[in-house]
Structure formats: structure tokens, C-alpha cells
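Protein sequence lines, in the order shown, are assigned to chains A and B.
Residues in the first sequence are numbered consecutively from -2, following our numbering.
Residues in the second sequence are numbered consecutively from 4, following our numbering.
FYI, nobody ran anything at the bench for these hints, they're computed from the structure.
Where hints are given, some of them may not hold.
[To be verified] So the derived list for chain B, only partly shown, Cβ under 7 Å to chain A, looks like this:
(1) GLU226
(2) TRP229
(3) GLU239
(4) GLY333
(5) LEU350
(6) VAL354
(7) SER384
(8) ILE387
(9) PRO390
(10) GLN393
(11) PRO414
(12) ARG416
(13) LEU444
(14) VAL449
(15) ARG606
Predicted model, so just to flag it, every value in this text is computed and none were measured.
Backbone N, C-alpha and C define an ideal beta-carbon position, used for all residues, glycine too.
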Amino acid sequence: MIGPIIALLLQAAPLEQPLPDPSQEARAQSLMRELRCTVCENEPVSQSTADMAVDARRMIRKQVVEGASDSQVRDFFVTRYGQYVAFRPPTDGWGMLLWGFPFALLAGGLAVLGLRLFRNRPKALEPVPDDRSGDGV
Amino acid sequence: MIAELGHLLAFLALAAAAGQSVLGLTTGGEAARRLAVAAAMFTALSMLTLIISFVRLDFSVALVVAHSHSQKPLLYRIAGAWGNHEGSMLLWCVIMAGYGAVAALFMRAGKLRDRALGVQGLLTVGSFLYLLFVSSPFTRLIDPPFDGKGLNPLLQDPAVALHPPFLYLGYVGMSFVFSMAAAGLINGNIDREWARRTRPWALGAWSFLTVGIALGAIWAYYELGWGGWWFWDPVENASFMPWLVAAALVHSLIVTEKRGGMASWTVFLAVLAFCLSLLGTFLVRSGVLTSVHAFAVDPARGTILLVGLGIAGGAALALFAWRAPTLKAGPEFDPVSREGALVLNNLFLSVSAALVLVGTVTPMVLQWLGDAQMISPEAASMSIGEPYFQLTLAPMVAFLLLFMPLAQAAPWRKAEVKPLLKWLLPSAIVAIVAALGAMALGGWGVFLGYGVLVGVWAIFGVGQDLLRRTGEGGFKRLLKLPLTVWGMAIAHMGMGLFVIGATVETAARTEQTFPLAPGQSAEMSGWKFEFQGVKIVDGPNYIATRADILATHDGRTELLQPEQRSYPVSEMGTTEVAIRKTLGGDMYVALGDQLRDQQNVWRLRIAHHPLIDWVFGGAGLIALGGFMSLVARLRRRAPIAPEVSPAEATPGTTVPEAGLGASA
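Work out the full structure: start from the sequences and follow the hints.
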């Protein structure tokens, strides 16, 4: 089933073709989605028809085939074009702060609420029957 | 004459709004009410004169020259009146004064209404000062040209013609929620009655905002030609932040109305929602961003917006600090209760709003620090996009949906966890089976699995709760459930559908670019696309390059015609994609550029977007549910007596509808 399609794609797409291995192609596509097309205003390379994006897609596929890891591919682009091209902010140094703060905020919020609500937890409360006098919730 | 008339009307509206604010904050009564209605009428007439200038193509008005053209179709001439910075600020004023007039006409007379009208008057005055002195749409040209420069062609589209009015009904609607909060604080009675009377405004503004954001997403999907519907662009985030805070607000208002609890938090959210609307306007209009929304790149305008935000937010916080000690804590409740579940809802939504805010503002702040040479250029250029927002927001959304059926079914004050969980077991089983099925089909992606899991869980859990509320009556009573219950259920199921659609679409979308010469074809997702070539077609104010593509699926062939349009007047191009809807999703074909080095070979971008309609349909249901809940609330009711809580005064008249823990 795959064979004829590939053959057709090879014939139809002399410049850009998906990788034969679907899992490699999926990885390549997800990388294309998180790298910025530098000549477009606010688009990832996956979505642009600009020549730069075509070249970038080819480069990503080539590196994936050559066995580069996701972070190696990202680094390749970041070292050439700067951190600006990566929609995924760095996970080291100060970037950790950025990635960690929503979870820290959530944990902090849960801790504060938990302390306030569970300490002095009121005893012997009865459930309130719902008020269904027409206004529901 | 007509532009001068509009200008005069705007000044009259300013004067009326000034009177409204003074009278509303002092004596109140009939006069303040009449002035609020007058301000809205003057503003609406002023907008009408601007629309007339646009329809009549009055090229002596600078704004018409900059944003219209004689070849433009009528609908877009009308929409052109608000498709630019100055006109959209006038629309902002129309809606702000309009909310004041609706309140003046329909709210019960009293101090709360008068003070709210007063504060709304102040906000309206501020908006008019901004409009008239830094963004006047009525400027004339001494030497009018023969024709205009046209509207940004990307905006020549029905969805985007309607997007600003809806978005503003939401965004600016937060102003009246703000006014209600300020009025409650001034009067010193943030109580159950205040919450009951504030809730419809919050529900209305939030539902309109939902529609506005959804229209923007739909437009991005088919007009920008890249097949995405949300890109975490700062402009999108600017509208998403107030949405999240308003979503938290419509839930915390329930606790304040029904139980008298969370009063100070609710007021804080009411203030914050409007402040984030102003912040969003600042981000979009100050020129710190480049996008289709950044009509006006003028730092002065941005600075003034920031000052306005500071004044409104600062004054509200001062009021809050003054009155906070007098705000009463609500009655006691156990952490395991409907109150507890709604507190968690607010925590998840607030953390979501905070992370969107930080993710949006950080790159701008870094860039600013870099421009000021306070940090190195490498450190200053950072992008925060889809991977960050997806990975951090996904857990928050998952928590929200996990607790959603529990919050609906748990009784107020105290609930039992075990009977609730046992009762929800069927939904849990369905959700797990659905998630495993989706993962088996979609290649065992974790993200996909858990999106489906929480979405299906929420939908079935909400369904179970609907059935529970019918009690003995069974299905037949389903239609007799109160409108508010239906509103809640539909909005919550919409949220479940949206999350399933969004995760499936994101995880399983496939896209591919094919360079094709006429006669060649490409295959994708069981479809065959045969490219037949392009032809040039004339439109009303554009020239289209239209591709003919024969799409074959299951032995049936049909013609798809994606286009590239070029608008000579504005020297810009747009893409018009061809979309073939199927039950499971869209086949999406966009015509790209001709290859540099090969004549007659065109790039076609073909994508499959599974369950994309669930995304838009889910958002639509969320808004519909909000509107239903609003309509249910518009019937006039006797005010809540301050001391007696009706929930306790009339216990258990209808046992089957009581919370689950109560009947267990």
C-alpha cells in the first residue's frame, strides 16, 4: 500500500517529499511546527510556502534521517538564527523559571487553599439541598 | 458636513457621559439615567455618520481615504468603518455607552444602578477623550484625492467584518462588570444581591467574547491559508486573558450569589477582567506588535492607554483596599463541597490566565530590555509559542474538566466523595475506553489520549448530572429542567467537545506541500488531488489566480478551486483556500507560490484537519450555554433579603434535584 504512494510522491514532488518512515516524518513535522519561518511575520516553517520555509523543512528532514535528536535539530537552527526562531523557549537557566512558574503557582495555590480550608475544617456540616425554585445553578 | 456632524455628536456624547458620571456618583436618579441613554444615542449617531461617510466614499475624510476604495463591495465599505484604529475606537465608545444605556433602561432603580452608571460614565468619558484627542476618525483632508487606498484585503471577509463588533461586545462589556464592582465597593455592599445583579453582565460579556474569539479563529483558519486556528500570537492571547478571567468570574459569582462566599475574590476578578481587556488593547494598539490588528503604530497612543489602565486599575484597587475589611466572609463550608470545587475551578483558570500573561509579555519585556541595551541581544530575542502554552496549559485544562462533573453534582456546603465517584464510574469507564481507542487509532500519543479522556469524561459526566437532576421523572423531565441548568450543561459539554476537537486536531493533523505541474497529482489521507493548472480570474477589486484541482475520494471526483488573490490598490495578496468538509474533518487545499526556477510548477499545501468542526462547534456551544444562562436570568425577581438565605429557609422541597451527597 505504502510503496505505490511513495513512488507517486517521488514523481509528483521532486523537491519536497515526506520521509518513508512515518514515525520519522511525524517527528520532522512536529519540529517544523515549532520553528519560526524567519521571512514570514508570525508563522512556523511547517505552514509557510516561502522558499526559506521549504529549505528549512528539507534541512529538518535531512537531519532527522541522519539520526539527529529533536534537541540537536532545534540547536542547529538556534545557533544559526538565534533563540528567536524557536517557539519553544529554552529549558535551561532562566528558561526553567518560565517553564516552572505555572506549576509552582498551581502548587502554591493548592497549598494555601488546602491549609486554609482543611485546617479548622468545620465539623458537623450538612449538605445544602439544591435550590430549585426556578433559578437552578 | 457629515463628518463635522459626527464630530459634534461625539462631543455631545462626551458631555452627556460627563453629566452621567457626575450625577450617577452623586444624586443619581432619573437625570443620570436619561443622560446615559442620551450619551449612547449621540455615540450611535456619531458612528452612523462615520458609516455613511464610508458608504458614500467621502474621500475628504482622511480615514475613508486610508481604509476604503471605490471598488470595494458594500458590506466591506460598512465594515471598513470599524476595520481601522480610529473607527474601532468609536465602535468601542458606542458599545461602552450602549452598555450604560441598557443598564439605565433595564436595571432596577437604586443606588447600585446609579453608582454603576456613574462609574460607566467615567470610563466612557475616558474613552471619548482618547478617541477625540488622539484617535479622531473625523479628520478632513484639505485636498481630497480621487480614490482611497483600500482596506487591508485580509480583512475583506464576512467573519472578520463581524469579529470586531462581537469581540468588543465582550471586551468592552467587561467595563460594565467593572462598573458594577466599583459601584458595589462604593456602596459598601458586595453581597448576594450584588452578585445576582452582576452575574448577567458578566455572563453576557463573556459569551460575546467567546463568539468574538471564535470568529477570529475561524477567520484565521480559512483566510490566512496556513490551516491553523490558534497560534498563541500575542494578539490572540490579548483576548484570551480576559476570557479566562471572566470564565473564573462567572463561576465565582455563583458562589457569591448562592452562598454569599468568595465576595472579595469575585470583586477582584471583576476588576481584573476589565484591566486585562485594557492591557490587551494596549498590546494590540501600541505598536509593540506587528499584526493585522496593529493598525496604528503610534507610541503616544500606547502610552495614553497604559496611563488609562493605571488610573482605572489603581482607582479600583484603592476602592478595594478601602472596603476589603468590611467584606463579609461567607458561611462555612467543607473543602469537599460545591464551593470547594468552584474554588478549584477558579484556581485553575487563574493560573491559566497568569501563564498566558507571562508567556505573552515576557518576550516583549526582553525585547524592550534589549533595545535599552540592558541585556545582550541574544538574551533579548526569545519566542514563546505553541510548545510552551500547550505543555503548560494542558494540565490546567485537564484538571478543570476532571472536576467539572463533580462540581455540578456535589451539593453546597458539604459533599461525600465516595458516592460521587461511584456514581460517576460509568463516565470514567466510557472515557478510558474512548481514550484507549483514540490512542490506538492515532499512534499512542499521550497528549491525544488524555485530551480525549478528559473531554469524554466531562461530556458524559455532565450528561449523567442532567439525568440525575430529572429525578424520578426520567427522560421526560429532561426538557422541563430549568434553562440555567441547560445553559450550564451545554456550555460544559461544549467545553468537552472543544477539548477533544482541539487535541485530536493538533495531534493528528497532517500537512504536506506538493510542488505540482499541470497534470501531476498528489495523494493524502485517501484522497487524490490532480492539479489541472491555474487561470486568472477578475474579482470586484482583486485579480485571482485560481487553481483547478480534481479531488477524488471513494471513486467520486469533484473540483476544488483554491485561489491566490492580489489586490492592486493595496498591493497585497491573500489566499482563498478550498475546503472539502467530511464527517471526520476537513481536507484543506491552499495554493502557494509558483516555483522560482520552474515555470508552471505551483506549490500546493494540502492538509487534513480532523474534527476541526468540534473546535468551532464546541466554542459555539460554550457561548450558547452562556447566553441561555443569561436569558434565564433576565426575568425580574424579588431582591434577595440580605440576612436570610433561601437555600436554608426552604430546605429540600425537591429531593431528587438536591446534590448527590445530600440524597445519598
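Comparing the hints with the structure gives:
no., hint, in the structure
1, GLU226, "13 Å, violated"
2, TRP229, "4 Å, holds"
3, GLU239, "10 Å, violated"
4, GLY333, "12 Å, violated"
5, LEU350, "5 Å, holds"
6, VAL354, "5 Å, holds"
7, SER384, "4 Å, holds"
8, ILE387, "5 Å, holds"
9, PRO390, "4 Å, holds"
10, GLN393, "10 Å, violated"
11, PRO414, "4 Å, holds"
12, ARG416, "5 Å, holds"
13, LEU444, "14 Å, violated"
14, VAL449, "13 Å, violated"
15, ARG606, "5 Å, holds"
Against the hints set out earlier in the document, violations occur for numbers 1, 3, 4, 10, 13, 14.
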